[in-house]
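Residue numbers (the numbering used here), protein chains in the order written: chain A, 155 to 268; chain B, 214 to 321.
Don't take every hint at face value.
Unchecked claim - The list that follows gives simulated cross-link-like pairs (lysine to aspartate or glutamate, EDC-like), each with its CA atoms no further than 20 Å apart:
(1) A/K232 / A/E174
(2) B/K313 / A/D240
(3) B/K294 / B/E218
(4) B/K313 / A/D217
(5) A/K232 / A/D210
(6) A/K165 / A/D178
(7) A/K171 / A/D255
(8) A/K232 / A/D217
(9) A/K165 / B/D252
The set of hints was computed from the structure by calculation and includes no laboratory data.
Quantities reported herein were computed from a predicted structural model and do not represent experimental measurements.
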Amino acid sequence: GAGVSQTPSNKVTEKGKYVELRCDPISGHTALYWYRQSLGQGPEFLIYFQGTGAADDSGLPNDRFFAVRPEGSVSTLKIQRTERGDSAVYLCASSPGQGGDTQYFGPGTRLTVL
Amino acid sequence: GQSLEQPSEVTAVEGAIVQINCTYQTSGFYGLSWYQQHDGGAPTFLSYNALDGLEETGRFSSFLSRSDSYGYLLLQELQMKDSASYFCAVQAGTALIFGKGTTLSVSS
Numbered sequence: 155g156a157g158v159s160q161t162p163s164n165k166v167t168e169k170g171k172y173v174e175l176r177c178d179p180i181s182g183h184t185a186l187y188w189y190r191q192s193l194g195q196g197p198e199f200l201i202y203f204q205g206t207g208a209a210d211d212s213g214l215p216n217d218r219f220f221a222v223r224p225e226g227s228v229s230t231l232k233i234q235r236t237e238r239g240d241s242a243v244y245l246c247a248s249s250p251g252q253g254g255d256t257q258y259f260g261p262g263t264r265l266t267v268l
Numbered sequence: 214g215q216s217l218e219q220p221s222e223v224t225a226v227e228g229a230i231v232q233i234n235c236t237y238q239t240s241g242f243y244g245l246s247w248y249q250q251h252d253g254g255a256p257t258f259l260s261y262n263a264l265d266g267l268e269e270t271g272r273f274s275s276f277l278s279r280s281d282s283y284g285y286l287l288l289q290e291l292q293m294k295d296s297a298s299y300f301c302a303v304q305a306g307t308a309l310i311f312g313k314g315t316t317l318s319v320s321s
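Pulled out of the complex, with its shape left as it was, chain B reads as follows (with noise of 0.2 Å):
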């Protein structure tokens, strides 16, 4: 089967660091990725590793470790407009696995 695991919720405030984190167990993987969803929103892309170690666009940066089967997602700065939910998704073959999704509350 595949499985990936994140935390439900987390909570920061503007200008914190936070880091969501990943687990996955899949038959089949190429990559690991991200997407930012504003509620009613579309899913939109945040950043891809297909290989092990960091990536880092802007505020945002990811990593992955393969051999743990983990990665993560680290949002600096935090913004009000960074909440929203996050999901880690694997690229297992053609299509893209979700995990349920990790709903970021900022405060200011």
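Same shape as in the complex, but just chain A (with noise of 0.2 Å):
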């Protein structure tokens, strides 16, 4: 079946903007989380949902930060005012329980912040 897909694969926005990254998980998946990587590092956790509510945004580095899940299927991460900094590819998985479970991951969003 399909994996776990995002949109767009590349994106390039200037300092101050808004952007949005999609996320489709593999259906039937109730669990969704969103990492943001650098390069030479690891996926760094930014937030976790268990159906449509966040069940832990404990990751998330600022209040310009926001994702939402409305069906509890598709998300989207949502970054307000964009900094420099913020550069990084964004990962999405998903994983079929309640968490803990093996999480299956996206080809993630590189977002360039010139």
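Dock chain to chain to rebuild the complex, using the hints, since each chain is given by itself in its own frame.
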């Protein structure tokens, strides 16, 4: 079946702009995660959804970052007033259960803030 | 705080065996996972250890010692396609906490 998909694959924006990154999880997966990966680093946890609700948003770096999953499937990560330090690959992952299951990652969105 | 330590780079030749170690310090621990990531690709799951001992999956094995806060990934019969980054990750609650990764270079 189809894996996790993310759009766009690349996004270039200017400092101060607003961006939205989309994640389509594997069908039927109730858990969805967002991570951020900088060059030479491991993925860094941002937020975890169980169904429609954000069960753990402790990894969001500040209030410029926000994510939604209104129908319990597709999720959107929103970044306001982007800064150059936000440049990274944003990864989405999903898993079938309550958390602690194997996570299946999407290919990521490479965000570049000029 | 939470931290994971793994070597930054490992090199080996085709057919060899390589062990990538991971030590961790976390508040709360459910298990240790290993992920592989090729350049420009998505991390893909390799193995998960919740209990002490060795888990074997084909050419890859993973070991965990909870008392030592230590684990390793063992790759046997190395192939060129195994050249990638390997991350250990701790399941601490619902999120995965990743190490910085080990870049494995396999040469012929």
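Problem - Straight-line alpha-carbon gap B/K313 to A/D217, limit 20 Å - result: violated (26 Å)
Problem - Satisfaction of hint between A/D240 and B/K313, Cα-Cα up to 20 Å - result: holds (18 Å)
Handout entry: Restraint check for A/K232 with A/E174, where alpha carbons must lie at most 20 Å apart
Key = Answer holds: A/K232 to A/E174 is near 5 Å, not above 20 Å.
Exercise for the section: Take a quick look at whether A/K165 and B/D252 sit within 20 Å of each other, Cα to Cα. Expected result: Holds, at about 18 Å.
Exercise for the section: Would you check the hint for A/K232 and A/D210, treating anything up to 20 Å between C-alpha atoms as holding? Expected result: holds (16 Å)
Exercise for the section: Below or equal to 20 Å on CA atoms is what counts here, so check B/K294 against B/E218. Expected result: violated (24 Å)
Handout entry: Pairwise hint evaluation, A/D178 against A/K165, where the allowed Cα distance is 20 Å at most
Key = holds (17 Å)
Exercise for the section: For the pair supplied as a hint, A/K171 and A/D255, confirm whether the alpha-carbon distance does not exceed 20 Å. Expected result: violated (35 Å)
Exercise for the section: Measure nothing beyond the straight line between the CA atoms of A/K232 and A/D217; if it is 20 Å or shorter, mark the hint as holding. Expected result: OK: A/K232 and A/D217 at ~10 Å, within 20 Å.
Checked against the numbered hints given earlier, the structure breaks hints 3, 4, 7 and satisfies all the rest.
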